[in-house]
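*Asks:* Chain by chain, the residues run as shown.
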Amino acid sequence: MAGQEQKSSQSRDEIEDVDPGTPAPAPAAPQASEATEGVDDLLDEIDGVLESNAEEFVRGFVQKGGQ
Amino acid sequence: MSSTEQSQEGLPPGGALRVMGSETEYGIHAPAAPGANATYLSSQVIAAYARLTRERLHASPGAGWDYTDETPLRDARGWSVRRNQAHPDLLTDLEPVLTAEGVALAHGPAELELDGDQEPALMNLVLGNGARLYVDHAHPEYSSPEVTNPRDAVLWDSAGDAVVLTAVRALSGDQERGPINLYKNNTDGKGASYGSHENYLVPRSVPFADLVRGLTPFFVTRQIVCGAGRVGLGQDGRTPGYQISQRADFFEAEVGLETTMRRPIINTRDEPHSVADKYRRLHVIVGDANCSHVANYLKFGTTALVLSLIEAGAVPEIEVHEPVAAMHRISHDVDLRETVRLLDGRRLTALEIQWIYFEAASKLAADAGVAAEHGGDGHTAAVLRLWERALTDLAADPGTAAGYVEWAAKRRVLEAYKSRDGLAWGDARLGLIDIQWSDVRPERGLAYRLLAKGTLERLVDDGAIARAAIDPPPDTRAWFRGKSIQRFPANVASASWDSVVFSPPGSYRLQRVPTREPLRGTKELTESLFEQNQDIQAFLDALLGERHT
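Protein chains in written order, with my numbering: chain A, 1 to 67; chain B, 1 to 549.
Calculated from the structure, these hints are not laboratory results.
Heads up, the beta-carbon is just placed ideally off N, CA and C, and yes, glycines get one too.
So, partial list: chain A residues that the calculated Cβ filter (under 7 Å) puts toward chain B:
{"#": "1", "residue": "Glu55"}
{"#": "2", "residue": "Val58"}
{"#": "3", "residue": "Gln67"}
Residues from chain B that keep clear of chain A, each with C-beta distances beyond 10 Å, as calculated:
{"#": "4", "residue": "Thr166"}
{"#": "5", "residue": "Asp174"}
{"#": "6", "residue": "Arg204"}
{"#": "7", "residue": "Ser205"}
{"#": "8", "residue": "Pro207"}
{"#": "9", "residue": "Asp333"}
{"#": "10", "residue": "Val334"}
{"#": "11", "residue": "Ala424"}
{"#": "12", "residue": "Ala490"}
{"#": "13", "residue": "Pro505"}
{"#": "14", "residue": "Thr526"}
{"#": "15", "residue": "Gln532"}
Calculated Cβ distances over 12 Å to all of chain A for the following chain B residues:
{"#": "16", "residue": "Pro13"}
{"#": "17", "residue": "Met123"}
{"#": "18", "residue": "Val275"}
{"#": "19", "residue": "Pro504"}
{"#": "20", "residue": "Phe539"}
Please model the complete structure; the sequences and the hints are all you need to start from.
*Replies:* Here you go:
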């Protein structure tokens, strides 16, 4: 779409925040190398809290249907 | 075309302001009690919250539910399903009485034995923040109070997570049964799905066919912005892979009344919970439950904008060929390259369709003057900015949106595990991450951990969420409902969206106060009534004499 091309270029550098009164959002996504480090941190953190027996947990997570 | 001015008195038309609310059915899991009855477990969550509230208020925990105005069998297309032809799941207007037998009939073997000492299982609660907390089928459900803008929708929806978290904490010490944990997701990955619904007030003068035509292409594609991500493809998740939406695979029809089977993209339940001649309540069942604030915000904000387009007769002319299949394909395409065929022969990607809606909504908002930074409605500009940012980032590389688009955030974690540990999509650890993503306990729930670290962007802080778990939004009738329950807990017999039923002291007669206008009963209109009348009798006399709500 023409609109898409136009919008893609025009808005890339705009940093958003939401309406007044809300805390500013976290900084925009970091660059690639930082992002990788961030992911390592993330994995370290998540490793520590994941339920221990994945197989058993996933098998046991059975829900009844709802709406 | 209908006039939008009359749609929501007091709210400027053309933008993202609208009376709206959320419903979240939480996944429920008692790991130490495998096979425990889900309806019974859910009732324990409600009862735990009632006990906590009672302790906090030293009084009655809130009110029961008033079923008088529930009409789940009325179809927006203009007819009703005969009660004796309706599936029992649709009969949501009857007070569910939880007996061991009923539990057994509804959901498999009963673990429940009601004896004389046991509290009767509590199925329904109206909270002091104006919300409803109850057992829906086999899940605890939090229905948020009515709000007027997408930011408050996020706030009072997040308040539901805080409400059920306090119940989870209270139940965690049970020696016999062990903890009951809750998950803000929509599927167990084995074929069961449960909903997170949105509700929007729409003027009845808008023909339902216009809503179907205007919303269907939008609902088929909005998942790329607000999908929560899911490990596994197909309803039973058996095909290994990752997809954008929790819910998409469970939709099998274009339009219909059902919500628990043959789920339709457009749900026709016509239960206005307000003045029926003026309004309909659009019941949206196609969305994912969101832990990401921004995804949740965009879900409500962009949908409200599209409803404004429909009301103004300015909705883009798009008709998707076979929308159900298109919705599934879009969900399964994390690279966002899939195109869908339109009835006019064009082939567009989900992103392109979203851009078309974005452009139309921007134009309408500009024409209506609601998107101005100064003098606008205070919300529409922010929704448009975030929507544009999301589409721009997704078009460049979905990875760049991993700080706020939920499916992209979850995918980043999953891909990192996959590559570090050499896992295939069918690996149980990835399934575990998908489920544990939405555990409402902030120390366990991965999304909540990322929110705490700032890795997922926040729109509302924990202090505001905690307050919203206690207090109602000030600018809808939820304020009157919530304050009535806070102030006179012993004298509110029951409540519903459009009524509060008082039991005056020393009288056997109940006094039902209708609240059929969603934008009345606000803090502005009723605060003085509460302030000037500390006593219930004086309050009722003043209320019923004046009828200001």
